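Student: Residue numbers (this note's numbering), protein chains in the order written: chain A, 47 to 465; chain B, 233 to 326.
Wrong hints could be hidden among the right ones.
[Unchecked claim] Here are the simulated lysine-lysine pairs, BS3-like style, with alpha carbons at most 27 Å apart:
#, chain 1, residue 1, chain 2, residue 2
1, A, 245, A, 280
2, A, 277, A, 365
3, B, 248, A, 338
4, B, 285, A, 365
5, B, 285, A, 331
6, A, 331, B, 305
7, A, 341, A, 407
8, A, 341, A, 331
9, A, 362, B, 248
10, A, 229, B, 285
11, A, 138, A, 280
12, A, 331, A, 280
13, A, 277, A, 138
14, A, 245, A, 297
15, A, 229, A, 245
16, B, 305, A, 341
17, B, 305, A, 338
18, A, 245, B, 248
19, A, 331, A, 362
20, A, 138, A, 341
21, A, 407, A, 338
22, A, 277, A, 297
[Stated by the list, open to error] From chain B, some residues computed to sit far from chain A (all C-beta separations above 12 Å):
#, residue
23, 237
24, 243
25, 245
26, 257
27, 259
28, 265
29, 268
30, 269
31, 271
32, 273
33, 286
34, 307
35, 310
36, 312
37, 313
Hints in this document: simulated from the structure, not taken from any laboratory.
Here the structure is a predicted model, which is why all the values come from computation and not from measurement.
We put the beta carbon where it would ideally sit given N, CA and C, even for glycine.
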Amino acid sequence: MEKHSGYMQALRCRECGREYPLTATHVCEFDFGPLEVVYDYNRIKKSLTREVIQSRPKSMWRYRELLPVANGPTIGLEVGFTPLIKADRLAKRLGVREVWIKNDAVNYPTLSFKDRVVSVALSRARELGFDTVACASTGNLANSVAANAAAAGLKAYVFIPTDLESGKIINSLIYGANVIGIKGHYDEVNRLCAEIAGKFDWAFVNVNMRPYYAEGSKSMGYEIVEQLNWKVPKHTVVCMASGSLLTKIHKSYQEFIQLGLAPGTDYKIHGAQATGCSPISTAQKAGLDFFKPVKPDTIAKSLAIGTPADGFYALKVMKDTGGAAEDVSDDELRESIRLLAETEGIFAETAGGVTVGVARKLIASGAIPEEDSLVLCITGNGLKTLDAVSGHVGQPREIRPSLREFEALVAAEARPIKA
Amino acid sequence: MNSMAKTVRIPTPLRKLTNNEEVVQVNAGTIGEAIAELQSRYPGIRERLVDDKGDVRRFVNVYVNEEDIRFLKNQQTPLQDGDEISIIPAIAGG
Chain A
47 MEKHSGYMQA LRCRECGREY PLTATHVCEF DFGPLEVVYD YNRIKKSLTR
97 EVIQSRPKSM WRYRELLPVA NGPTIGLEVG FTPLIKADRL AKRLGVREVW
147 IKNDAVNYPT LSFKDRVVSV ALSRARELGF DTVACASTGN LANSVAANAA
197 AAGLKAYVFI PTDLESGKII NSLIYGANVI GIKGHYDEVN RLCAEIAGKF
247 DWAFVNVNMR PYYAEGSKSM GYEIVEQLNW KVPKHTVVCM ASGSLLTKIH
297 KSYQEFIQLG LAPGTDYKIH GAQATGCSPI STAQKAGLDF FKPVKPDTIA
347 KSLAIGTPAD GFYALKVMKD TGGAAEDVSD DELRESIRLL AETEGIFAET
397 AGGVTVGVAR KLIASGAIPE EDSLVLCITG NGLKTLDAVS GHVGQPREIR
447 PSLREFEALV AAEARPIKA
Chain B
233 MNSMAKTVRI PTPLRKLTNN EEVVQVNAGT IGEAIAELQS RYPGIRERLV
283 DDKGDVRRFV NVYVNEEDIR FLKNQQTPLQ DGDEISIIPA IAGG
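If we strip away everything but chain A, and leave its shape as in the complex, we get (with noise of 0.2 Å):
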């Protein structure tokens, strides 16, 4: 065990209270409810305030007290502190006052929110002395731990499965990951990496590293909040695939508060999943507080998880906070994609796609005024997952390279070209 932890105290059970030591371990003994890491926030007050968080690097780890690890980041450093871009032309089409994008579609070093997470499980699994780290992945999970562990000198295994959009398979072999194709879905996927977890000593990064590896979700929304000047904003439309996104954005808001760095407030969080898998979404709208899993069958491959690990605590936040749920068909998210790319040049992968499109719904539907101002969670690039939209966004127009070819195209077309 090491000399210090820095700002934790103890890893605690989410559902009976039980506290276990600082290791890499993911589940209570008792009733397998997920471990969460135990701050010391009275200490954190004391030496995290809005000073010294503006007086450090713009990465996501100004905010370090907060995210677990003993001895401070040294794996990714430079991850995090996304643009957070006034997006009115996507508000007027969406016919809300104010829209905020949470842009992590260009999070370094792998243009995703995974970054977050694996910075803050690789710099923890290092602290604990592994040299070896793994992951189960829809895809984004699997690029960001094989690049990190490259950068830092790991050895990395990831797991995925073999369907992936090829995007995402060449983004994880291209680092000299040892990338394992798994013949099934994302939750058979997660299922044998339970089983491997148990028998190899490594650091996999959501299953025993699970703890300190969902907290680097945090910083999302510390991020948003400190880019709104210190302000909590009324609405959030996060996408859900296991809902620990959702979880942990809820959880940085309710701490900024507690700590003083934001005012106090109502807030509303919103979940987002595709229809093809919406167990979570489906749940919510029934007013369930428990979901049944289901068989994904979506074009979001990135939230394909049927049996989302934390979709009880995503209900609950939902619950909690007066936020709403929806989900969006195929034909919906690959329009909401267009919608975000033409409105604000921001080319964004599927899931962002079903939080853009479930955002749209939930306007229509009211749950989300229309005098509000929201922030959309973009979490991952469009050019990981060509394929959703190769076939749907037209072709180029083919001249020679003849002026007056070009110019009896645009007779032809009889229309000026879009301004």
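Please arrange chain B on chain A, whose structure you already have, making use of the hints.
Tutor: Positioned in the frame of chain A, the structure of chain B alone reads:
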């Protein structure tokens, strides 16, 4: 030995109860019976898997031959000789 032909893979958090056995053979005809059989041999294991109402705990996933029992018949899921049962904690996303 002829009927002791169903295998249960014990997850790490429960191995203290099974004297560190990773794999246990059972004779049960259903998942519910298998849990009862495990309890008779490893007292205390039942309450780890099942809540006060007798339902499988919400963070426990049970699989028969790689299929989640919630897609089968839950605790009434029948077992055949040679079946493999896995007990797995829920896992985070990826």
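Student: It remains to establish, for every hint, whether it holds in the given structure.
Tutor: Taking the hints in turn, this is what the structure says about them:
A threshold of 27 Å between alpha carbons decides the hint, and for residue 245 (chain A) with residue 280 (chain A) the separation of about 45 Å lies outside it, so the pair is violated. Distance check on the hinted pair: residue 277 (chain A) and residue 365 (chain A) sit about 22 Å apart at the alpha-carbon level, within 27 Å; holds. Restraint check: the Cα-Cα separation between residue 248 (chain B) and residue 338 (chain A) comes to about 31 Å, which exceeds 27 Å; the hinted pair is violated. At roughly 24 Å between alpha-carbon atoms, residue 285 (chain B) and residue 365 (chain A) fall within 27 Å of each other, so this suggested pair holds.
Distance check on the hinted pair: residue 285 (chain B) and residue 331 (chain A) sit about 25 Å apart at the alpha-carbon level, within 27 Å; holds. For the suggested pair residue 331 (chain A) and residue 305 (chain B), the alpha carbons sit about 25 Å apart, so the restraint of at most 27 Å is met. This hinted pair checks out: residue 341 (chain A) and residue 407 (chain A) have alpha carbons roughly 24 Å apart, not beyond 27 Å. Simply put, residue 341 (chain A) and residue 331 (chain A) have alpha-carbon atoms about 19 Å apart, close enough for the 27 Å limit, and the pair holds.
Proximity of residue 362 (chain A) to residue 248 (chain B) is assessed by CA-CA distance (about 32 Å); at most 27 Å being required, the pair is judged violated. Straight-line distance between C-alpha atoms of residue 229 (chain A) and residue 285 (chain B) comes to about 36 Å, which puts the hinted pair past the 27 Å bound. Pair hint residue 138 (chain A) plus residue 280 (chain A) holds up; C-alpha atoms about 18 Å apart against a cutoff of 27 Å. Only pairs whose Cα atoms come within 27 Å are accepted, and residue 331 (chain A) paired with residue 280 (chain A) is accepted, the gap being roughly 21 Å.
Taking the CA atoms of residue 277 (chain A) and residue 138 (chain A), the gap is near 23 Å; set against the 27 Å cutoff, the hint holds. Of the supplied pair hints, the one linking residue 245 (chain A) and residue 297 (chain A) is violated, its CA atoms being roughly 33 Å apart against a limit of 27 Å. Restraint check: the Cα-Cα separation between residue 229 (chain A) and residue 245 (chain A) comes to about 21 Å, which is no more than 27 Å; the hinted pair holds. Annotation: proposed proximity of residue 305 (chain B) to residue 341 (chain A) holds, straight-line Cα distance about 16 Å (limit 27 Å).
Using a Cα cut-off of 27 Å, the hinted pair residue 305 (chain B) and residue 338 (chain A) holds, with the two alpha carbons roughly 13 Å apart. A hinted pair counts as satisfied when its Cα atoms are at most 27 Å apart, and residue 245 (chain A) with residue 248 (chain B) qualifies at roughly 15 Å. Restraint check for residue 331 (chain A) and residue 362 (chain A): the C-alpha separation of about 13 Å stays at or below 27 Å, so the hint holds. The straight-line distance between the Cα atoms of residue 138 (chain A) and residue 341 (chain A) is roughly 36 Å, outside the 27 Å bound, and the hint therefore fails.
Proximity of residue 407 (chain A) to residue 338 (chain A) is assessed by CA-CA distance (about 23 Å); at most 27 Å being required, the pair is judged to hold. Distance hint between residue 277 (chain A) and residue 297 (chain A) is fulfilled; the C-alpha atoms sit about 15 Å from each other, no more than 27 Å. With 12 Å as the threshold on Cβ separation, the claim that residue 237 (chain B) sits away from chain A holds: the shortest Cβ distance comes to roughly 20 Å. With a minimum CB-CB distance of about 6 Å to chain A, residue 243 (chain B) fails to clear the 12 Å threshold, and the non-interface call is violated.
With a cut of 12 Å on Cβ distances, residue 245 (chain B) falls inside the contact zone with chain A, its closest approach being about 4 Å. With a closest Cβ-Cβ approach of about 18 Å to chain A, residue 257 (chain B) is found to remain outside the 12 Å limit, as its non-interface label requires. Its beta-carbon lying about 23 Å from the closest one in chain A, residue 259 (chain B) satisfies the requirement of being farther than 12 Å from that chain. Non-interface call for residue 265 (chain B) relative to chain A: holds, since the shortest CB-CB distance, roughly 21 Å, exceeds 12 Å.
Its beta-carbon lying about 19 Å from the closest one in chain A, residue 268 (chain B) satisfies the requirement of being farther than 12 Å from that chain. The non-interface label for residue 269 (chain B) is consistent with chain A: the shortest C-beta to C-beta separation is roughly 20 Å, beyond 12 Å. With a least beta-carbon separation of about 15 Å from chain A, residue 271 (chain B) lies farther than 12 Å from that chain, consistent with its non-interface assignment. Every beta carbon of chain A lies more than 12 Å from that of residue 273 (chain B), the smallest distance being close to 18 Å; the non-interface claim holds.
Here residue 286 (chain B) stays apart from chain A, with its beta-carbon at least about 15 Å from theirs, past the 12 Å limit. Every C-beta of chain A lies more than 12 Å from that of residue 307 (chain B), the closest at about 15 Å, which supports listing it as non-interface. Interface exclusion of residue 310 (chain B) from chain A stands, the closest Cβ pair being 20 Å apart, more than 12 Å. Listed as a non-interface residue, residue 312 (chain B) keeps its Cβ farther than 12 Å from every Cβ of chain A; the least gap is roughly 20 Å.
At roughly 22 Å, the least C-beta separation between residue 313 (chain B) and chain A is larger than 12 Å, which holds for a residue marked as non-interface.
Of the numbered hints stated above, those contradicted by the structure are hints 1, 3, 9, 10, 14, 20, 24 and 25, listed in ascending order.
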